[in-house]
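Sequences listed follow chains G and Y, in order.
All residue numbers for the first sequence refer to full-length UniProt numbering, where the first residue is 1 and numbers rise by one.
All residue numbers for the second sequence refer to full-length UniProt numbering, where the first residue is 1 and numbers rise by one.
No lab work stands behind these hints: they were computed from the structure.
Errors might be hidden in some of the hints.
Stated by the list, open to error - Straight-line Cα separation of at most 25 Å, SDA-like style, residue types lysine to any residue; simulated pairs:
hint : chain 1 : residue 1 : chain 2 : residue 2
1    : Y       : 411       : Y       : 485
2    : Y       : 240       : Y       : 95
3    : Y       : 144       : G       : 21
4    : Y       : 411       : Y       : 500
5    : Y       : 437       : Y       : 419
6    : Y       : 93        : G       : 86
7    : Y       : 102       : G       : 22
8    : Y       : 492       : Y       : 419
9    : Y       : 178       : Y       : 297
10   : Y       : 240       : G       : 74
11   : Y       : 369       : Y       : 488
12   : G       : 21        : Y       : 296
13   : Y       : 102       : G       : 70
14   : Y       : 144       : G       : 17
15   : Y       : 437       : Y       : 497
16   : Y       : 214       : G       : 21
17   : Y       : 144       : G       : 54
18   : Y       : 93        : Y       : 126
19   : Y       : 102       : G       : 55
20   : G       : 90        : Y       : 492
21   : Y       : 429       : Y       : 372
22   : Y       : 102       : G       : 50
23   : Y       : 384       : Y       : 418
As the list claims (entries may be wrong) - Quick partial rundown of chain Y residues pointing at chain G, CB under 7 Å, derived from the structure:
hint : residue
24   : 10
25   : 33
26   : 161
27   : 211
28   : 215
Backbone N, C-alpha and C fix where the C-beta goes; we use that ideal spot for every residue, glycine too.
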Amino acid sequence: MPGITREEVAHLARLARLELKDEELDHFAGQLDDILGAVARVSEVADQDVPPTSHPLPLTNVMRADEVRPSLTPEQALSGAPAQEQQRFKVPQILGED
Amino acid sequence: MTVTTDLVSYEDALASYDPVMGLEVHVELGTRTKMFCGCSTALGADANAQTCPTCLGLPGSLPVVNATGVESAIKIGLALNCEIAEWCRFARKNYFYPDMPKNFQTSQYDEPIAFNGYLDVQLEDGEVFRVEIERAHMEEDTGKSTHVGGATGRIHGASHSLLDYNRAGIPLIEIVTKPIEGAGERAPEVAKAYVAELREVIRSLDVSEARMDKGQMRCDVNLSLRPNGTEEFGTRSETKNVNSLRSVERAARFEIQRHAAVLSSGGTIVQETRHFHEDDGSTTSGRIKDNAEDYRYFPEPDLVPVAPAREWVEELRAGLPEMPRVRRNRLREQWGVTEHDMQSMLNAGAVDPIVATIDAGAPADQARKWWMGELARHANEQGKALDEMPITPVQVARVAELVAAGDLNDKLARQVIEGVLAGEGDPDKVVEKRGLKVVSDEGALTAAVEEAIAGNQAIADKIRGGKVAAAGALVGAVMKATRGQADAARVKELILEKLGVEG
Numbered sequence: 001m002p003g004i005t006r007e008e009v010a011h012l013a014r015l016a017r018l019e020l021k022d023e024e025l026d027h028f029a030g031q032l033d034d035i036l037g038a039v040a041r042v043s044e045v046a047d048q049d050v051p052p053t054s055h056p057l058p059l060t061n062v063m064r065a066d067e068v069r070p071s072l073t074p075e076q077a078l079s080g081a082p083a084q085e086q087q088r089f090k091v092p093q094i095l096g097e098d
Numbered sequence: 001m002t003v004t005t006d007l008v009s010y011e012d013a014l015a016s017y018d019p020v021m022g023l024e025v026h027v028e029l030g031t032r033t034k035m036f037c038g039c040s041t042a043l044g045a046d047a048n049a050q051t052c053p054t055c056l057g058l059p060g061s062l063p064v065v066n067a068t069g070v071e072s073a074i075k076i077g078l079a080l081n082c083e084i085a086e087w088c089r090f091a092r093k094n095y096f097y098p099d100m101p102k103n104f105q106t107s108q109y110d111e112p113i114a115f116n117g118y119l120d121v122q123l124e125d126g127e128v129f130r131v132e133i134e135r136a137h138m139e140e141d142t143g144k145s146t147h148v149g150g151a152t153g154r155i156h157g158a159s160h161s162l163l164d165y166n167r168a169g170i171p172l173i174e175i176v177t178k179p180i181e182g183a184g185e186r187a188p189e190v191a192k193a194y195v196a197e198l199r200e201v202i203r204s205l206d207v208s209e210a211r212m213d214k215g216q217m218r219c220d221v222n223l224s225l226r227p228n229g230t231e232e233f234g235t236r237s238e239t240k241n242v243n244s245l246r247s248v249e250r251a252a253r254f255e256i257q258r259h260a261a262v263l264s265s266g267g268t269i270v271q272e273t274r275h276f277h278e279d280d281g282s283t284t285s286g287r288i289k290d291n292a293e294d295y296r297y298f299p300e301p302d303l304v305p306v307a308p309a310r311e312w313v314e315e316l317r318a319g320l321p322e323m324p325r326v327r328r329n330r331l332r333e334q335w336g337v338t339e340h341d342m343q344s345m346l347n348a349g350a351v352d353p354i355v356a357t358i359d360a361g362a363p364a365d366q367a368r369k370w371w372m373g374e375l376a377r378h379a380n381e382q383g384k385a386l387d388e389m390p391i392t393p394v395q396v397a398r399v400a401e402l403v404a405a406g407d408l409n410d411k412l413a414r415q416v417i418e419g420v421l422a423g424e425g426d427p428d429k430v431v432e433k434r435g436l437k438v439v440s441d442e443g444a445l446t447a448a449v450e451e452a453i454a455g456n457q458a459i460a461d462k463i464r465g466g467k468v469a470a471a472g473a474l475v476g477a478v479m480k481a482t483r484g485q486a487d488a489a490r491v492k493e494l495i496l497e498k499l500g501v502e503g
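Excised from the complex, chain Y in its bound form (with noise of 0.2 Å):
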């Protein structure tokens, strides 16, 4: 199927309109039962393995709330600025369609656990820009579907569906912005950058793992346009389910050109929602949207309403984490790297393991080159994250250190990282198993250095006449027959002695 959307060019697009967003994100928490019943959330079930009366919506079942997720909730609502209410209450929100087999989706509606927040992010160039926000509520997610008998799974077409409720009642927070104004010919970095730090914060709460591929993290980007220099907002549109930072920032992109062209154009925008495709990165139309009278929300009479104790709030506040910006803005002054060098590692997801390194016992520069060098190429070459490369920032420590006891030269610790990574142990143990020792015997050393004298008689005449530099080809001789496990240092220094030159 291939639909073409008219587009005006993005530059001609901001010289006439002015982008107004709104984001909202839906994060799966990491608890380990469901919102409303103790069914398990773990991933990797049989289908429909992990459900029960309350979450299948059987007649005569009663939802009890988790207490860890609406911990989980205040917990993020605080560390987004946000009041949290003194009272609040669960509210049905009514729709037919088979993801809940309730026929309503159990969540807040006009007394959200956690209002008026911001959440600061920092553009690529370090400008902070306030995300301001309007709300995060408690909420449960949907069955999954399967479309059979269409084309590649799509729900068009398909002759009928096929529903697993495991993951109907794993508990959702969705946090929502206030309009996002002002933000002009960057709207779609803002996006990115709002969602990429959201999923920093999330992770530093210990609340979610929030990895968007695997659906636990997902946006959905509201877009409008109005012509610069107005202030009544336009009519929106919702694109559903971006599901990479990458995707948010383009899917509000491929919004603000094609609002453009259909404004300009004369036409009107059509209130709906829209999907994203990522292979080209546009967006189709989707159904239009419900009026919100439509959902017909009332307050749920099964569940009583959450009146958080001040002093629990207190306590939780109390509790936060250093947030994600504050503390890599520290670490960056810390380590002493550029604002660039910093998004590197964090785009690697090398922060913790670094840190963890260093709180290992290792320098600072050392686990930051293993992490962003070595490990980084082979977790590269695997497809994997850092953080599931079968080595721990205690074992990366310990190369560091026999590197810096002089006990392994890099090359050597190249191996013994390998030796680890294979499963062969400990890299004590892959240095021992391997052999991988640096030559230390000083008389093994200087007999390997007159070899390298004897065999070279024009490069060491040249280095007797001054020529200090090429001193390396001596030393490259020398590693050559240690099998690379000399200390270069040390054996540069032997051959200039024996060369009677001052290094």
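Next comes chain G alone, as it looks inside the complex (with noise of 0.2 Å):
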């Protein structure tokens, strides 16, 4: 069985930009750990002969002609933007003082 460790929950939460309790910590890694080991089930029935499933369709090569599509105009597109400046998205500091 698949275990997951409290760190491994905090480098993820770390990683989805989650800020996470110490006992929430807790709570999810059993919880994750609950869904890894039903999905974990899967290979005990799916052996080697049995690839990996990404696409449920058996389509490929689904492609369209490099041709011009109308866009959105700037205040549709920035219509949803929590903040804007200048007709761009407007987000906080990227960078903190180092």
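Hints given; two lone chains; assemble the complex.
Dropping the structure here:
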């Protein structure tokens, strides 16, 4: 059985920019462990001859011609932005002060 | 901000250490639309005027790959002697950074469309170095950030940033070399020659203009040192976004000197990204490199796999142009010029215009002479590339033809070129408008010659006495009298004839 540690949950939380309290780390570690355990059972029945499935339909090569289609207007594009300035999406400081 | 970095001399670094490089080059394709949506890629649009729900990552939108993007990727792979995947997928590279509104970049992970190739590059002394290619894969560019509130637009100290997503989603091909070993002291030169050759290949395929100054081609330089005579690679640094050929060479050189200083004083190299500074050729620390698994790549569920039919691949292979190095060597032999002259023509961007001028009927030496002389001078004065000059190869060929026919001499031809560049029309029109025909009226020429002899009796006597070289002064006088519009060779013939001297 796979085991997921508290440290691994903390790492994932950091990558996902989630702030978790100590008790949440324990709580989610248990839950994620259960989920991974359930998924792992698939490999008990799927042997080496069964390839992993990333796409349920047997489709390949769906492509579009290189032809320009109308874009949104800048106003439409920015309509859902929490903040904007100079017709651009405004985002908070990216790097903290060094 | 001044950062002093300890360096050892390049020679000392190489005396103890062996550099290993890995070069990652991103090429923006010249497709009309983005990689996964139909938004235009045209430059110069208003901020955020070329976005749609797909490239903004809005819920419910679905990407569809650009067929020309895939075709360009295959062409690049084939030109780099790669195998082309029978079947491959896109993958999501997850990271949080506002330059990608989706919070992931659509890329390829362990199934690149092209892999296992090589590119032979020629160094300045003619030595050929083979650079092995690990892979070339398809991905998309990010948006453009403007940092506000800090010093001169730097991210450090900025209060906030502004994002324009017009560039987000423009097709990129990332080309990654295998570790480049055995270049030794020539490593920086190999790096530069590789990027230069790759740029030529990309241009010859007509898939991108690959202008580094416009960010259409960017290079990341990975470099590590190991003690001479050892096999195991040292820890590498990755210098990001090195945006000129000269900078690629300087960045590699600087990192060799920096690594050697750290290692020889008993320190360890930190695996990190570094920023290159054009002004002094140094690099400074960026962020500590995330481990690969931190990107949590997984197959992109919204895009179906790409499985290029072998017939298509073979069709594209058959349609590849002659590769630049082969073409260069062929032209060099045909034109009978030295490696050095060929390199000058390449650096000046003159090879294609010269070929086109020859194709338009000009002799090779004339085509080279005008492009590398008069036109290169004008281009240089105006700070323009040769192919941006407002004159066509056909027009240059016509000038050469007029010279060959004796209708123009070199001096007049230069004035004709000036006229064409000034927008006065085709060469024939400029000749007519400016009245630049060579004086071929023998009567007028003969009169001018007689006048010159009469006015310079002393010189005429010298010539009569056998000093044929003195005729130059009389030729000059005639040319002056005809305002340069005479055929100098014919003038000399006439002078000698008049004075009864054999030429």
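Worksheet item: Among all the numbered hints in the text so far, which are the ones the structure does not match?
Response: Violated hints: 3, 4, 6, 7, 8, 10, 16, 17, 18, 20, 22, 24, 27 and 28; rest satisfied.
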